[in-house]
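Trainee: From first to last, the protein sequence lines are chains A and B. Using the working numbering, read the first sequence as starting at 509 and increasing by one per residue. Using the working numbering, read the second sequence as starting at 509 and increasing by one per residue.
It is possible that part of the hints are untrue.
Any copy, or any two copies together, can satisfy a pair, since identical chains are not distinguished.
Derived pair list, reagent style BS3-like, types lysine-lysine, alpha-carbon separation capped at 27 Å [claimed, not checked]:
1) K601 <-> K511
2) K593 <-> K718
3) K569 <-> K511
4) K588 <-> K637
5) K536 <-> K570
6) K601 <-> K536
7) K637 <-> K511
8) K723 <-> K588
9) K637 <-> K726
10) K536 <-> K730
11) K536 <-> K511
12) K800 <-> K593
13) K637 <-> K799
14) K537 <-> K569
15) K800 <-> K601
16) K799 <-> K593
17) K593 <-> K543
18) K588 <-> K601
19) K569 <-> K800
20) K799 <-> K588
21) K536 <-> K569
22) K610 <-> K593
No lab work stands behind these hints: they were computed from the structure. On a predicted model such as this, the values are computed, not experimentally measured, just so you know.
2 protein chains.
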Amino acid sequence: MGKVYIGIDLGGTNIKIGLFDGDLHILKKTSVPTKADMGPDVVIGNMAEASLGLVADAGLKKSDIQAVGIGTPGPAAYSKGIIIKSTNMPTFKNVPIVQMLKDRLGAPIAFDNDANVACWGEYIAGAGKGVRDVVFFTLGTGIGGGVVCNGELVHGCAENGAELGHMIIYPDGRRCNCGQRGCVEAYASADSTARRAQEAVEQGRQSSLKKVLDKKGKITAKDVYEQVAAGDELAIEIAEGTAKALAITCVNMLHTTEPRRILFSGGMIAAGDILLEAINRHFQQQVWTLKKEDVEIRFATLGEDTGIVGAAALARHNYGPSK
Amino acid sequence: MGKVYIGIDLGGTNIKIGLFDGDLHILKKTSVPTKADMGPDVVIGNMAEASLGLVADAGLKKSDIQAVGIGTPGPAAYSKGIIIKSTNMPTFKNVPIVQMLKDRLGAPIAFDNDANVACWGEYIAGAGKGVRDVVFFTLGTGIGGGVVCNGELVHGCAENGAELGHMIIYPDGRRCNCGQRGCVEAYASADSTARRAQEAVEQGRQSSLKKVLDKKGKITAKDVYEQVAAGDELAIEIAEGTAKALAITCVNMLHTTEPRRILFSGGMIAAGDILLEAINRHFQQQVWTLKKEDVEIRFATLGEDTGIVGAAALARHNYGPSK
Numbered sequence: 509m510g511k512v513y514i515g516i517d518l519g520g521t522n523i524k525i526g527l528f529d530g531d532l533h534i535l536k537k538t539s540v541p542t543k544a545d546m547g548p549d550v551v552i553g554n555m556a557e558a559s560l561g562l563v564a565d566a567g568l569k570k571s572d573i574q575a576v577g578i579g580t581p582g583p584a585a586y587s588k589g590i591i592i593k594s595t596n597m598p599t600f601k602n603v604p605i606v607q608m609l610k611d612r613l614g615a616p617i618a619f620d621n622d623a624n625v626a627c628w629g630e631y632i633a634g635a636g637k638g639v640r641d642v643v644f645f646t647l648g649t650g651i652g653g654g655v656v657c658n659g660e661l662v663h664g665c666a667e668n669g670a671e672l673g674h675m676i677i678y679p680d681g682r683r684c685n686c687g688q689r690g691c692v693e694a695y696a697s698a699d700s701t702a703r704r705a706q707e708a709v710e711q712g713r714q715s716s717l718k719k720v721l722d723k724k725g726k727i728t729a730k731d732v733y734e735q736v737a738a739g740d741e742l743a744i745e746i747a748e749g750t751a752k753a754l755a756i757t758c759v760n761m762l763h764t765t766e767p768r769r770i771l772f773s774g775g776m777i778a779a780g781d782i783l784l785e786a787i788n789r790h791f792q793q794q795v796w797t798l799k800k801e802d803v804e805i806r807f808a809t810l811g812e813d814t815g816i817v818g819a820a821a822l823a824r825h826n827y828g829p830s831k
Numbered sequence: 509m510g511k512v513y514i515g516i517d518l519g520g521t522n523i524k525i526g527l528f529d530g531d532l533h534i535l536k537k538t539s540v541p542t543k544a545d546m547g548p549d550v551v552i553g554n555m556a557e558a559s560l561g562l563v564a565d566a567g568l569k570k571s572d573i574q575a576v577g578i579g580t581p582g583p584a585a586y587s588k589g590i591i592i593k594s595t596n597m598p599t600f601k602n603v604p605i606v607q608m609l610k611d612r613l614g615a616p617i618a619f620d621n622d623a624n625v626a627c628w629g630e631y632i633a634g635a636g637k638g639v640r641d642v643v644f645f646t647l648g649t650g651i652g653g654g655v656v657c658n659g660e661l662v663h664g665c666a667e668n669g670a671e672l673g674h675m676i677i678y679p680d681g682r683r684c685n686c687g688q689r690g691c692v693e694a695y696a697s698a699d700s701t702a703r704r705a706q707e708a709v710e711q712g713r714q715s716s717l718k719k720v721l722d723k724k725g726k727i728t729a730k731d732v733y734e735q736v737a738a739g740d741e742l743a744i745e746i747a748e749g750t751a752k753a754l755a756i757t758c759v760n761m762l763h764t765t766e767p768r769r770i771l772f773s774g775g776m777i778a779a780g781d782i783l784l785e786a787i788n789r790h791f792q793q794q795v796w797t798l799k800k801e802d803v804e805i806r807f808a809t810l811g812e813d814t815g816i817v818g819a820a821a822l823a824r825h826n827y828g829p830s831k
């Protein structure tokens, strides 16, 4: 066996780690609790130990590691290799994670934000495989984004590009956590979808979601899509609003980097065809008639491995053997 | 003198041609009527003849031409070198312009749409000089766009990327010529700005623009900005609407390719500081507070030479000596 790659997905709760061969086939993977409260030294120490554990389990040595990739939530100074701060890991402030990992693993480290890493994973080994231009959305608490343009990730001038959840689609509309009004994230993330439904029920709209709210004290996106399937009028209206907001964002990306594929990932894609069909339908309604577009709107396919596959793929892209 | 570059700006009315040295200093320039009704053979013959005329005037030979760049309005198959059709030149259908020019000028031909060429010109030699990420808008009849990301023009998967005028910013809003609703072009191009003013006057709004309409039978963007300067309430409201639409589009581009500079060009920038100040003001009102943005919003600086400078710069980029 040739050299191997390690892909790391650093989240607030767990660290997922995968060991990959040169073709990005997964050899071993593991997950360890982040324990962010123990501070960066311990967290990064555990991360390195677990990584070397995978290498040893595969009968390999530290020197067999060609490169390591890691994705984290922002904000970070990616090209400098520093996590500036982290909402989910308050002990992480100005942590030189790239140098710290390099010291422990003895290999070059590719570092990027988690949405970019996931986008790159889908581009190389998932639903974006085989095309050169991809746009990627994660639908979770917020909406994350990634863009591959001309075969490279878009980072922007200050490494804050592809924050696609903060495209304004309804000027003066709903307030977003970012401070703007009318962001797509304020309508179509899993949280915003649930919140719009809950607000409507609290304002007295008739809906089977009323029972859910009374019983659980809150409504989730999962609840909304369950009630869409059951034919509830309000749930359908809310889900249509989510799909339309996402479709408009797809139209806008089409007129920007013109991707061949637009991919959706994250918890909310569990809604399945109900969601995907609605996005595609609204896209066809909204998009221009000047030319027939052959963009494909699909769900991501790597699931929970996206982060580790993407990180390993980025490590190979940045530090693998030249082609 | 070393090899020279030729930059050609093919418009429906005139063909502008410039001769440039290796540092993109302009040596000679000319403009000849397009005479599109004579058909592509004559037009391209005249274009080549005028180009060779500039070369001879400079005391040079055909073999001194390193490369030629040409920009045209779309739609075209740029990588194949073919103008598919042209609104302003109905005789141009499936014209292999790159091969035809190459046969006549004996040099490699760089070919792109006029907005991309202008964007590249500003990036290399104008208001975008010195940064790696630029977004460019032309405000004319419509709104054209160009994007330089990671130091390269964005073309998209089917060479129709960067059609930034067709980003939807007001869903279900004004109908755009492209078939969509709510495009920024339907609000903020020179034509749409004028049209919104004229509609308001025709609907009975009090305004000094009423006199203009009565006298000339139509209102132009120039009229609107003249009345803004004179303090007319309706004109100010219309101009604010234009600036807000452009500012929202700037916010959206910030969250996509994150440019360091956003440039506006085209006839409407004659409005000057009134326009630029308003775009900047609305941008600051609309943009997130998560981080302080240091994007600069400016006017393009190459003026009427943008097309020929951009075309020559693209020729040098694609076919110049490697650095």
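Trainee: Take the hints in turn and mark each one as holding or not.
Mentor: Evaluation of the provided hints:
1. In this homomeric assembly, K601 and K511 never come within 27 Å of each other (Cα to Cα): the closest approach is 33 Å inside a single copy and 54 Å across copies.
2. Taking the closest pair of Cα atoms, K593 and K718 never come within 27 Å of each other, the shortest separation being 39 Å inside a single copy and 57 Å across copies.
3. For the homomeric pair K569 and K511, the shortest alpha-carbon distance inside one copy (10 Å) is at most 27 Å, but the shortest distance between copies (56 Å) is not.
4. Proximity of K588 to K637 under the C-alpha cut-off of 27 Å is restricted to the inter-copy arrangement: shortest distance 25 Å between copies versus 29 Å within a copy.
5. Taking the shortest alpha-carbon separations for K536 and K570, only the intra-copy value of 15 Å comes in at or below 27 Å, while the best inter-copy value is 63 Å.
6. For the homomeric pair K601 and K536, neither the shortest alpha-carbon distance inside one copy (31 Å) nor that between copies (57 Å) is at most 27 Å.
7. Proximity of K637 and K511 under a CA criterion of 27 Å is satisfied intra-copy only: 23 Å inside one chain copy versus 42 Å between copies.
8. With identical chains, the CA atoms of K723 and K588 are never at most 27 Å apart, being 49 Å at best within one copy and 62 Å at best between copies.
9. Within a single copy, K637 and K726 get their C-alpha atoms no closer than 38 Å, and across copies no closer than 53 Å, so neither meets the 27 Å cut-off.
10. For a Cα distance limit of 27 Å, the shortest separation of K536 from K730 qualifies neither inside one copy, at 32 Å, nor across copies, at 67 Å.
11. For the identical chains of this complex, K536 and K511 are intra-copy neighbours only, at 14 Å inside a copy versus 57 Å across copies, given an alpha-carbon limit of 27 Å.
12. In the homo-oligomer, the alpha carbons of K800 and K593 lie at most 27 Å apart only across protomers (16 Å), although the nearest pairing inside one protomer, at 44 Å, exceeds that limit.
13. In this homomeric assembly, K637 and K799 come within 27 Å of each other (Cα to Cα) only inside a single copy, at 25 Å, whereas the closest approach across copies is 34 Å.
14. Taking identical chains as interchangeable, the C-alpha atoms of K537 and K569 lie at most 27 Å apart only when both belong to the same chain, with a minimum of 16 Å there against 66 Å between chains.
15. In the homo-oligomer, the alpha carbons of K800 and K601 lie at most 27 Å apart only across protomers (19 Å), although the nearest pairing inside one protomer, at 49 Å, exceeds that limit.
16. In this assembly of identical chains, the alpha carbons of K799 and K593 lie at most 27 Å apart only when taken from different copies (13 Å versus 45 Å within one copy).
17. When the C-alpha separation of K593 and K543 is checked against a cutoff of 27 Å, the pair qualifies only within one copy, where the shortest distance is 16 Å, while the shortest distance between copies is 62 Å.
18. When the C-alpha separation of K588 and K601 is checked against a cutoff of 27 Å, the pair qualifies only within one copy, where the shortest distance is 14 Å, while the shortest distance between copies is 51 Å.
19. In the homo-oligomer, the alpha carbons of K569 and K800 never lie at most 27 Å apart, since the shortest distance is 53 Å inside one protomer and 45 Å across protomers.
20. Proximity of K799 and K588 under a CA criterion of 27 Å is satisfied inter-copy only: 18 Å between copies versus 43 Å inside one chain copy.
21. In this assembly of identical chains, K536 and K569 lie within 27 Å of each other by CA distance solely inside one copy; the values are 14 Å within and 65 Å between copies.
22. In the homo-oligomer, the alpha carbons of K610 and K593 lie at most 27 Å apart inside one protomer (20 Å), although the nearest pairing across protomers, at 55 Å, exceeds that limit.
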